[in-house]
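S.K.: Sequence:
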Amino acid sequence: MSFPDFRMRRFGLAATAAVAAMTMVSAAAAQSMVVRSTGPSAAKYPTGARLKPADKLTLVAGDRIVLMQSGKTRTLSGPGTFGATGTVQASQSLGGNVTRMLAKGPTMRSRGGFSREGVTQMPAELRAPNLWLLDYREGGTFCVLDPAVLMLWRPNMQGDTALEIESGGKKTTVAIVDGANFRKWPADALPVQYGTDYRLSGGGLAQPVTVRFTAVENAPDTVEGSIDMLMTKGCTPQLDRLVDTMSEAEAG
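For the sequence shown, our numbering assigns the number 388 to the initial residue and increments by one for each residue that follows.
For the record, the hints were derived by calculation from the structure and aren't laboratory data. Please read these numbers as outputs of a predicted model, since none were measured by experiment. Yeah, the Cβ is synthetic: ideal placement off N, Cα and C, and Gly gets one too.
Listed below are the simulated PhoX-like cross-link pairs for lysine-lysine, each with C-alpha atoms no more than 20 angstroms apart in a straight line:
(1) K459 / K439
(2) K491 / K571
(3) K620 / K491
(4) K558 / K571
(5) K459 / K443
(6) K571 / K557
(7) K431 / K443
The calculated label-pair distances, taken between Cβ atoms and stated as ranges, are:
(8) G435 / Q580: 19 to 29 angstroms
(9) K431 / G483: 28 to 38 angstroms
(10) T583 / E604: 16 to 26 angstroms
(11) A535 / T462: 29 to 39 angstroms
(12) K439 / V564: 52 to 62 angstroms
(13) P607 / G467: 29 to 39 angstroms
(14) T560 / R487: 25 to 35 angstroms
(15) A436 / P607: 15 to 25 angstroms
(16) G621 / T462: 21 to 31 angstroms
(17) R437 / K620: 11 to 21 angstroms
(18) V564 / P440: 46 to 56 angstroms
(19) R437 / P578: 35 to 45 angstroms
(20) E604 / A448: 35 to 45 angstroms
All chains should be built: construct the whole structure from the sequences, respecting the hints.
M.R.: What follows is the structure in structure tokens.
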């Protein structure tokens, strides 16, 4: 075999490998993942399930499934039969909210709540604008990126309030003053410890909530990676926050 023939053969093998790799990447990108599943068919299509492009979802009344594909979400509501993939146009302005949600450093941009007749209220529809802000209304497991900058967040920045935090027989009170959404976690009194329960009360809460921290060594840069990480670690409040923000960006 001549040298030119050998070079052409090697080139052909490389091209074939490249095409195969691109096909595999395209197939992976075309897959959808269930990122929220509620209703009678929730067990049939559980959160975290990965669907092939040809798969069909048969939903009944009361079902609501949120799928993620290529960093965008698509919400399906029953009854009906739906394909696992579909075109979704995302709002650029709302997409900016997703970018802020994934930012590695907590955004310190305040968002106001409201007050009426001197009574401070906590609007339920407002959510923390960044994954790494601890919305103290949300109990459960919370993924901590950097304990040194962990911030407490409330939706209403009007009025002074006092949040009590208790763990392991120790208790401290955190004051959040009028005009502020944020207050740093009281690390001096109660350091962040992983796998330990913290009971939060007061601060406008209707009832106490319990939070447990888990560590995140390296936060993913992508939506897909972030959702996989939050699912794996069981950080449901943050997962819901991200999925809700992505769903709002749906334009179709």
